[in-house]
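The lines below spell out each chain.
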Amino acid sequence: MNKESLIKKILAKNSVPVSKGEAMVNRIFDLIKNSIRENKSFNIENFGSFEVYNREMQTYTDYKKKSEILLPPKDKLDFIPSEKLLAKLRKADE
Amino acid sequence: MNKFSIVKNIAKEFSINEYEAAEFFDNVFGVLISALVNGKNVNIYEFGKFTINKSKIYFSPVKRFSEELNYNYNNLSAVRIRAYSDDELKSKYDARVQRYKDKRTAGTEQELHYPIPEKIPEYLNKIGEEITAKKTDTGIAVVESPDSEEIIEKIGTVDELIEEKYAGEEKDREEVTREEIIEKDIETEVIAEKKETETEIKEISKEETETPDEDIIEEIIKIEDEPVWYPVTEDFSPFDVPVEYKSNGELEKFFQQIDEKEQKPEEKKDEIISEESVTEISIGEDLEEPKKWEKIIPDFHAFLKKRKSFAPKEYAKEDVIPVEKKEEEITPVVEKAEEKIIPVEEEVEEKIIPIEEKVEEEIIPAVEKVEDEIVSVEEKIEEIPQVIEEEKAELPPVIQEAGVDVPSVVEPEIEEPPVEKLSHEKEIDQLIKEREKIIKQAEEDLRYKLDEDIKVVFSEPERTDNIENIIPVIESKKPDINKVDDRELDDLIEQRLKTILEVEEKNLKEFDEEIKKLDLHKESLPPSETGLEKTEIEIKKETDDIIEEKRISFEKEILLSPPLEITPPVIPVTPPEEPVMKKITEEVKPEQDVTIPIPEIQKIEEVTPPPEQISVPEIIPKDVSSLDEYIPEELKALEIEKKEPEKSDIEKDIENISRIKESLIEEKPDDFPEPDFQIPEAKTVEAEEIPPPVVIPDELKDLHNEIIQTQTFRQEVETEKPEPKSFDDVFIKDTGIVYAQSPIPDNSKIENGAYKEFDEVLKRWEEPEWRKSKDKTPLSYEVPKQGISKLLVIFIIFAVLAALFIVYIKFFTK
Numbered sequence: 000m001n002k003e004s005l006i007k008k009i010l011a012k013n014s015v016p017v018s019k020g021e022a023m024v025n026r027i028f029d030l031i032k033n034s035i036r037e038n039k040s041f042n043i044e045n046f047g048s049f050e051v052y053n054r055e056m057q058t059y060t061d062y063k064k065k066s067e068i069l070l071p072p073k074d075k076l077d078f079i080p081s082e083k084l085l086a087k088l089r090k091a092d093e
Numbered sequence: 000m001n002k003f004s005i006v007k008n009i010a011k012e013f014s015i016n017e018y019e020a021a022e023f024f025d026n027v028f029g030v031l032i033s034a035l036v037n038g039k040n041v042n043i044y045e046f047g048k049f050t051i052n053k054s055k056i057y058f059s060p061v062k063r064f065s066e067e068l069n070y071n072y073n074n075l076s077a078v079r080i081r082a083y084s085d086d087e088l089k090s091k092y093d094a095r096v097q098r099y100k101d102k103r104t105a106g107t108e109q110e111l112h113y114p115i116p117e118k119i120p121e122y123l124n125k126i127g128e129e130i131t132a133k134k135t136d137t138g139i140a141v142v143e144s145p146d147s148e149e150i151i152e153k154i155g156t157v158d159e160l161i162e163e164k165y166a167g168e169e170k171d172r173e174e175v176t177r178e179e180i181i182e183k184d185i186e187t188e189v190i191a192e193k194k195e196t197e198t199e200i201k202e203i204s205k206e207e208t209e210t211p212d213e214d215i216i217e218e219i220i221k222i223e224d225e226p227v228w229y230p231v232t233e234d235f236s237p238f239d240v241p242v243e244y245k246s247n248g249e250l251e252k253f254f255q256q257i258d259e260k261e262q263k264p265e266e267k268k269d270e271i272i273s274e275e276s277v278t279e280i281s282i283g284e285d286l287e288e289p290k291k292w293e294k295i296i297p298d299f300h301a302f303l304k305k306r307k308s309f310a311p312k313e314y315a316k317e318d319v320i321p322v323e324k325k326e327e328e329i330t331p332v333v334e335k336a337e338e339k340i341i342p343v344e345e346e347v348e349e350k351i352i353p354i355e356e357k358v359e360e361e362i363i364p365a366v367e368k369v370e371d372e373i374v375s376v377e378e379k380i381e382e383i384p385q386v387i388e389e390e391k392a393e394l395p396p397v398i399q400e401a402g403v404d405v406p407s408v409v410e411p412e413i414e415e416p417p418v419e420k421l422s423h424e425k426e427i428d429q430l431i432k433e434r435e436k437i438i439k440q441a442e443e444d445l446r447y448k449l450d451e452d453i454k455v456v457f458s459e460p461e462r463t464d465n466i467e468n469i470i471p472v473i474e475s476k477k478p479d480i481n482k483v484d485d486r487e488l489d490d491l492i493e494q495r496l497k498t499i500l501e502v503e504e505k506n507l508k509e510f511d512e513e514i515k516k517l518d519l520h521k522e523s524l525p526p527s528e529t530g531l532e533k534t535e536i537e538i539k540k541e542t543d544d545i546i547e548e549k550r551i552s553f554e555k556e557i558l559l560s561p562p563l564e565i566t567p568p569v570i571p572v573t574p575p576e577e578p579v580m581k582k583i584t585e586e587v588k589p590e591q592d593v594t595i596p597i598p599e600i601q602k603i604e605e606v607t608p609p610p611e612q613i614s615v616p617e618i619i620p621k622d623v624s625s626l627d628e629y630i631p632e633e634l635k636a637l638e639i640e641k642k643e644p645e646k647s648d649i650e651k652d653i654e655n656i657s658r659i660k661e662s663l664i665e666e667k668p669d670d671f672p673e674p675d676f677q678i679p680e681a682k683t684v685e686a687e688e689i690p691p692p693v694v695i696p697d698e699l700k701d702l703h704n705e706i707i708q709t710q711t712f713r714q715e716v717e718t719e720k721p722e723p724k725s726f727d728d729v730f731i732k733d734t735g736i737v738y739a740q741s742p743i744p745d746n747s748k749i750e751n752g753a754y755k756e757f758d759e760v761l762k763r764w765e766e767p768e769w770r771k772s773k774d775k776t777p778l779s780y781e782v783p784k785q786g787i788s789k790l791l792v793i794f795i796i797f798a799v800l801a802a803l804f805i806v807y808i809k810f811f812t813k
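Those sequence lines, one after another, are chains D and P.
For the first sequence, the positions run 0 to 93 when numbering that gives the first Met the number 0 is used.
For the second sequence, the positions run 0 to 813 when numbering that gives the first Met the number 0 is used.
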């Protein structure tokens with residue numbers, strides 16, 4: 000699913016003009032990004048939470064190059080789905 | 000920032016209720032959840048991508064967003080810390096595999112309780128019964144019913160195992176991980192293996208010391224000194240390892256095979272490839288199946304045949320000569336090889352073979368016969384002169400009597416009759432002719448070949464319009480500057496200089512000769528014909544011209560003076576009352592009939608300058624040489640003043656020449672040779688014929704002057720005769736009418752249309768009727784308009800008076 004198809008589906012439920020609805024969706028995701036940058040986390044009810052965690056530096060062996068390589072630390076974004084969502088997914092799988 | 004803050008922001012920005020904004024926000028994520036639940040991946044532009052895999056959601060942010068989050072560590076990059084040897088890599092790999100296995104089999108150590116589905120066939124198990132898994136090497140749990148005999152054997156949990164391993168150590172259990180335990184186990188094993196190898200080598204060395212052979216010692220030293228060699232293997236990853244080798248026992252085989260592959264090519268490098276071994280090897284014989292290229296060859300030949308090109312000849316194996324035999328005879332082999340290299344098409348060969356057979360059978364014996372005959376004929380030809388000499392010897396000798404003059408008689412040439420030749424002689428002649436023909440043909444063939452060769456050698460490239468083909472031809476024909484010797488250049492320059500000098504010398508000689516001739520010509524001329532006399536004549540001419548000019552100017556001044564009142568002495572002329580026109584018909588001859596107005600003497604004296612100022616010579620002699628006497632001194636002075644500054648270059652040259660001439664005449668010897676050429680006679684300039692002087696008395700001098708003036712004026716008018724431009728001139732020319740006081744018309748006014756009336760007159764003058772009417776009433780004028788106006792005034796006055804009279808009667812009568 001693309002953003003366009005997502006907007007179409009949203010607008011089918013709401014009585015908002017197309018241009019305005021597209022702008023609103025873009026604005027919502029921009030605000031979420033800003034909050035993640037500032038607070039390193041953002042929680043959406045019944046959907047999940049975005050969290051930034053710090054991965055420490057680590058080593059791994061490269062069998063092709065026959066060498067041990069050290070990776071630098073990294074700030075990574077992780078999405079943790081809510082339990083309700085997971086339950087829905089499990090139900091859907093069954 | 001929470002959901003509510005976002006909703007508030009959106010409500011403010013888009014001017015919506017917060018309720019509507021919250022609803023919109025919920026709808027966005029509701030649609031997202033529904034898409035994910037339906038198993039669709041969702042990609043949001045400039046945010047990230049949600050992917051679903053087996054009821055798990057993964058989120059990967061956009062690169063730009065992830066870099067923004069990782070702004071602290073973006074500059075850092077991965078660093079290689081350590082390089083592994085193959086043994087180390089092997090051990091590392093085994094450890095990893097082991098770890099992987101442990102992870103998979105870790106569950107077996109604990110009792111795994113799987114949830115029991117509701118609908119399971121009865122033959123598997125019964126509802127509510129517990130199922131346990133058995134420990135296996137593969138990691139796949141074998142499900143068995145609890146009733147079976149093989150029930151789980153409890154080995155122990157991971158914690159119990161770790162406690163057993165590190166019972167003696169002080170380390171805490173929590174700090175130690177499973178990886179460390181496994182790595183330590185491997186290290187201990189590797190160290191043990193190393194120790195074993197070292198001990199073996201030491202033992203061997205001890206034994207060798209007991210038996211000290213030099214060769215063995217060297218080998219041992221080599222083994223000890225040689226550095227550790229690691230084979231350069233291809234890059235491989237653990238994922239490249241086939242599944243077959245992933246079991247414990249077969250993995251070593253896999254690495255062994257790799258080692259063998261790597262060591263084989265190095266062994267080959269050490270070997271020296273001998274030529275003999277190469278020649279003896281025949282790849283085709285060793286292999287039973289033909290190779291791919293061998294299969295392609297017939298197809299290739301078929302393709303070439305279609306193209307009608309020469310395919311390489313296929314030699315049978317029997318024809319192939321071994322190389323060893325050829326090495327003995329190198330030069331003939333090369334020739335043969337060159338012959339054989341030329342590929343010939345099979346079809347051509349098939350055609351050539353029967354022709355060759357025919358040649359061998361038929362033509363060669365015929366040629367041999369002809370050669371034998373030619374040899375016999377040549378022998379006979381050699382015998383012929385001998386026979387002739389013998390015949391001559393048999394003839395009687397001619398005797399001449401001594402002392403008797405025998406007149407030489409020319410015997411007439413008698414044509415001998417044709418002798419009948421024998422058959423064999425004819426054959427000989429024919430053979431000779433044939434031989435000559437053959438020789439000629441051979442010569443012609445040779446010439447033809449030579450010509451062809453010459454053409455090939457000197458053939459130029461095809462000349463086309465392209466410059467690329469023309470330029471090399473031109474460059475080839477250009478002489479190389481580098482090849483030209485300096486001597487040749489010097490010779491060329493000398494020749495050029497010589498020619499130039501010769502030409503210059505010739506020109507100089509001619510110039511000198513011309514100068515000499517001119518000098519001689521000048522010397523030969525008499526002094527009277529030189530420039531000095533000419534100058535006198537010229538001066539005289541100039542004086543005459545000046546006098547005439549002054550005279551003419553004087554006359555003009557008189558004539559151009561304002562018109563005078565004319566009193567005709569002979570013919571009475573009525574003075575004009577109005578704008579007067581005087582007619583002079585064409586019949587009238589002005590010279591005879593028309594009297595010329597003579598101005599009064601007194602008035603002329605007032606206008607004219609005094610006669611003493613311009614003294615005209617009364618008598619002009621014929622001799623020009625004595626003219627100086629008659630020229631007044633004033634004029635001479637004027638002439639001198641004028642001439643001195645106005646001397647032209649020619650005059651200066653003449654003066655110079657005259658000076659030189661005088662000097663030469665003085666220096667001229669008496670025996671000076673006269674020139675051979677004839678000098679043209681100088682033209683004598685004759686003086687103008689001047690009429691004889693006329694003695695005029697003093698009383699009639701003035702009249703005479705006036706008459707002369709009129710005559711000159713008339714002559715000028717006759718000679719000039721300007722084209723009629725003005726109205727007056729035209730009118731005089733066509734009509735003969737002259738205005739007595741005609742204004743001087745300007746051409747500019749005529750052009751501008753100021754004299755349009757006169758143009759109309761001119762146009763209509765040719766009409767005879769109009770002319771007659773004009774002749775009759777040249778001065779007729781119409782009634783003036785002033786008369787009409789007077790009548791009107793009188794009429795008005797009269798009317799006013801009448802009106803007053805009527806008014807007077809009406810008012811005063813009452």
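Hint data in this document are derived by calculation from the structure and do not stem from the laboratory.
A couple of the hints might just be wrong.
What the hints assert, rightly or not - Simulated crosslink set (DSS-like; lysine-lysine; CA at most 27 Å straight-line):
| id | chain 1 | residue 1 | chain 2 | residue 2 |
| --- | --- | --- | --- | --- |
| 1 | P | K53 | D | K87 |
| 2 | D | K19 | P | K7 |
| 3 | P | K448 | P | K432 |
| 4 | D | K32 | P | K48 |
| 5 | P | K48 | D | K19 |
| 6 | D | K73 | P | K55 |
| 7 | D | K63 | P | K102 |
| 8 | P | K439 | D | K7 |
| 9 | P | K432 | D | K87 |
| 10 | D | K87 | P | K439 |
| 11 | P | K53 | P | K7 |
| 12 | P | K102 | D | K65 |
| 13 | D | K39 | P | K2 |
| 14 | P | K448 | P | K379 |
| 15 | D | K19 | D | K7 |
| 16 | D | K75 | P | K62 |
| 17 | P | K55 | D | K87 |
| 18 | D | K73 | D | K32 |
| 19 | P | K48 | D | K12 |
| 20 | P | K379 | P | K425 |
| 21 | P | K809 | D | K32 |
| 22 | P | K432 | D | K2 |
Going through the hints against the structure:
The suggested pairing of K53 of chain P with K87 of chain D holds, with an alpha-carbon distance near 12 Å, which does not exceed 27 Å. At most 27 Å may separate the alpha-carbon atoms for a hinted pair to count; K19 of chain D and K7 of chain P meet this at roughly 16 Å. Using a Cα cut-off of 27 Å, the hinted pair K448 of chain P and K432 of chain P holds, with the two alpha carbons roughly 24 Å apart. For the hint linking K32 of chain D to K48 of chain P, the alpha-carbon distance of about 14 Å falls within 27 Å, and the restraint holds.
Restraint check for K48 of chain P and K19 of chain D: the C-alpha separation of about 24 Å stays at or below 27 Å, so the hint holds. Straight-line distance between C-alpha atoms of K73 of chain D and K55 of chain P comes to about 23 Å, which keeps the hinted pair within the 27 Å bound. Annotation: proposed proximity of K63 of chain D to K102 of chain P holds, straight-line Cα distance about 24 Å (limit 27 Å). Note on K439 of chain P and K7 of chain D: the hinted pairing is violated, with a Cα-Cα distance of about 105 Å set against a maximum of 27 Å.
For the hint pairing K432 of chain P with K87 of chain D, the CA-to-CA distance comes to about 122 Å; that exceeds 27 Å, so the pair is violated. In summary, the hint linking K87 of chain D to K439 of chain P is not supported, as the alpha carbons are separated by about 114 Å, beyond the 27 Å threshold. Only pairs whose Cα atoms come within 27 Å are accepted, and K53 of chain P paired with K7 of chain P is rejected, the gap being roughly 37 Å. Between K102 of chain P and K65 of chain D the CA atoms are separated by roughly 24 Å; this keeps the pair inside 27 Å, and the hint holds.
Between the alpha carbons of K39 of chain D and K2 of chain P the distance comes to roughly 15 Å, so the proposed pair stays at or under 27 Å and holds. For the suggested pair K448 of chain P and K379 of chain P, the alpha carbons sit about 35 Å apart, so the restraint of at most 27 Å is broken. Proposed proximity of K19 of chain D and K7 of chain D is supported: the alpha carbons are some 12 Å apart, at most 27 Å. Taking the CA atoms of K75 of chain D and K62 of chain P, the gap is near 11 Å; set against the 27 Å cutoff, the hint holds.
About 11 Å separates the Cα atoms of K55 of chain P and K87 of chain D, which keeps this hinted pair within 27 Å; it holds. As the CA atoms of K73 of chain D and K32 of chain D are separated by approximately 18 Å, the hinted pair is consistent with the 27 Å bound. Straight-line distance between C-alpha atoms of K48 of chain P and K12 of chain D comes to about 23 Å, which keeps the hinted pair within the 27 Å bound. Simply put, K379 of chain P and K425 of chain P have alpha-carbon atoms about 13 Å apart, close enough for the 27 Å limit, and the pair holds.
Taken as a hint, the K809 of chain P and K32 of chain D pair is broken in the structure, with Cα atoms around 126 Å apart against an allowance of 27 Å. A distance of roughly 109 Å separates the Cα atoms of K432 of chain P and K2 of chain D; the hinted pair therefore is violated under the 27 Å criterion.
Taken one by one, the earlier hints fail for this structure at numbers 8, 9, 10, 11, 14, 21, 22, listed in ascending order.
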